[in-house]
Every structure is written in C-alpha cells, then in structure tokens.
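Trainee: Let's have the full structure, built from the sequences with the hints guiding it.
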Amino acid sequence: AQKVTQAQTEISVVEKEDVTLDCVYETRDTTYYLFWYKQPPSGELVFLIRRNSFDEQNEISGRYSWNFQKSTSSFNFTITASQVVDSAVYFCALSGLPRGGYNKLIFGAGTRLAVHP
Amino acid sequence: EAQVTQNPRYLITVTGKKLTVTCSQNMNHEYMSWYRQDPGLGLRQIYYSMNVEVTDKGDVPEGYKVSRKEKRNFPLILESPSPNQTSLYFCASKSTGVGLSNSPLHFGNGTRLTVT
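One line per chain: the protein sequences are P and R, in this order.
Note that our numbering has the first sequence beginning at 135, numbered continuously upward.
Note that our numbering has the second sequence beginning at 15, numbered continuously upward.
Honestly, the hints are just simulated from the structure, not real lab data.
Everything numeric in this text was worked out from a predicted model, so none of it was measured.
Even for Gly, the Cβ is constructed at its ideal location relative to N, Cα and C.
Careful, some of the hints might be misleading.
Here are some chain R residues pointing at chain P (derived, C-beta under 8 Å) [stated by the list, open to error]:
#1 A16
#2 T27
#3 V35
#4 G54
#5 L55
#6 Q59
#7 F104
#8 P118
#9 L119
#10 F121
#11 G124
Take a look, some chain P residues computed to stay more than 12 Å from chain R by CB distance [as the list claims (entries may be wrong)]:
#12 T143
#13 V147
#14 V148
#15 E149
#16 I194
#17 S195
#18 Q203
#19 T206
#20 S207
#21 S208
#22 D220
#23 A227
#24 S229
#25 G244
Mentor: Printed below as a string of structure tokens:
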C-alpha cells in the first residue's frame, strides 16, 4: 500500500531561521512521483515541486530546497531564512504508476508551519 | 487565466438538505477529482473522473455522488448531508495526455461546508 507520513504536525520558528519539513513515504512501485504543495491561510493549494523516483538530485528554488533520498524513502523540504509569508500548511504527496490509466495522489496529513516576526 | 473554479466558497446547511458544489475547469483537462480535507488526515479522494461519462470511487465515496456530462464540469452532490461531511472540499483537474499521467493537479480554491 502507498502511504505518506509527515510526522511533524506543527512547527514554530522565528523569522530568518532555517526549517526542514520531513516527509517519509511507502510504496512498492519502482517508478513513482513525489510532490509538495503549500496551503497558505487563504486556503488554496499551491503546487511547489514534483520529483520522479529516478531523479535523486536535490533541487533548489530560491529559499526552498528539497532533499530526495530513496535509501530512507524521504523527500524533505527545507526553507532557508524563513519569512512570515512562509506560514502555511505544507503537504507532501505521492503518486505511483497508472493503474488502468489512473494514478492516485496520496497526501500526507500536512505540517503547519508558523513563522513569527 | 487557467483555473479550476468551485462554488460556493462557503456553505452552511442542515442535515438532509440536498446540495451541489459545482466545479469547472477551463484547461480542457481529461481528469478531474474531488478531495476532502480534514485536520490530521490531509486530503482524501472522494471521487474521480478520467473523462466524460467516466467516474469512479476514491477512498471516501460514501454519501457523495458525482457526474461528468461535460468535460469542463464535475459537480459534487450530497443527497442527504450529515454532520460528518462537514469539511473543506477541493476540486482538482489535470491533463492525462501522453507523458502527462503524473502532471501536477490544479486545485480550486476550496469549499468550506458546514452541516448542522
């Protein structure tokens, strides 16, 4: 069965601190995709990144970086020099191979990040 | 602007009163889906549709119905709402063309439903 675990329910940091959000996944598929979504206080879901299982290169986008390690089944998300605008709920998600033309996106429970001035 | 539009954003209703949450996308996406978001549970899939007239159950379909008569629309119907259906609902869509089966989902802005 596929599963995504985000063990950190809530994280609170002070502005300019670095923070890492953990994501651990389970899947039997050899090909799969991992995603991160951001949900700001306004409620919408914003796509941040997608990685496939064959690409373990870390990715950096501005203050955001992602560390994908197949050996530990983890896809962690780090925000460097956090800002108040980073306050949101962050979801990690997993998608496997299509089955019958369909592949479901499995979400973790989310991590609520509060960045204080 | 490419978007998924849900209506209404907020809805308060009473137990047993039928309601429909509409969802429309303007990206010509084949795939559409409904999720509900509950604290501590993340997003769970209710129903999905691979294309017009093709729908199937997700993980938590009980108490819900959907239809896909047109490619752009995918309404969620609660025939007899109950308090345990109080939740935040999201509609999503994506393209499923060749090489796009794992493209990101595009989400609507959500509908917060309260059933009293």
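Trainee: Against which earlier hints does the structure fall short, listed by number upward?
Mentor: 1, 2, 3, 12, 23, 24, 25
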